[in-house]
Amino acid sequence: MPNPFQLVAGDLALDFANTLDSRYDPERRLELLPSYDRFIAFAWQSGVLNRAQAQRLLKQTGEAEGQLVLTRVIDLREALHFLFLSVETKERPPRSALESLNRFLADVRLPQSIEWEKGKFHRLPADLVSTPVGPLVPIVEAAAALLTSPDVTHVRECSFHTCRWLFLDRSKNHTRRWCDMKICGNRAKAQRFYARQRDTG
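Using the numbering used here, the first residue of the sequence shown is number -1, and each one after it goes up by one.
Misleading hints may appear alongside valid ones.
[Stated by the list, open to error] Derived pair list, reagent style DSBU-like, types lysine-lysine, alpha-carbon separation capped at 30 Å:
1) 57 <-> 170
2) 180 <-> 170
3) 88 <-> 170
To be clear, the hints were calculated from the coordinates, so they are not data collected in a lab.
I would like the entire structure built from these sequences, with the hints used as guidance.
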């Protein structure tokens, strides 16, 4: 898969919220979901879809329809970002973001079914590729689950000033500062090193 996403947040909903890179730096800001096919690539890499499902959705979704779905994708992404950020900053969540999530909870539903096979009932999961918005269903469910879970108090924002991605802090003492130590942690160390060199110079 070209240009893989960095899935470092520890939760599907947070990884989805992180698909706008360098959000607070206008000169470096990068939209990681510029098209419907990139959203499907995210859904594939994050395990929402398998390869066959991703290929089926791309084949059956026209460009115009994909663009309309992408608008909804970005709307949900932005709502989730500000909802989870409000948890981290301990501020009241924006009403518009909460209303947006609730609209998705009401609208993005796929039917499930009960089937009889081999002498017993089986519950069949929803078909995520029956509609172009299908991959949003697990993301919305993951967001609702995390927001109402005790784990939501461990949502953090990366301390590196040009990153500030959200992540779920599962460290023993809940003192993790970086979305990924190998990336932002090392960048911060390098900046501190060069700052000391400059000061002593």
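Checked hints:
no.	hint	result
1	57 <-> 170	violated (45 Å)
2	180 <-> 170	holds (19 Å)
3	88 <-> 170	holds (21 Å)
The structure fails to meet hint 1 from the earlier list, while all remaining hints are met.
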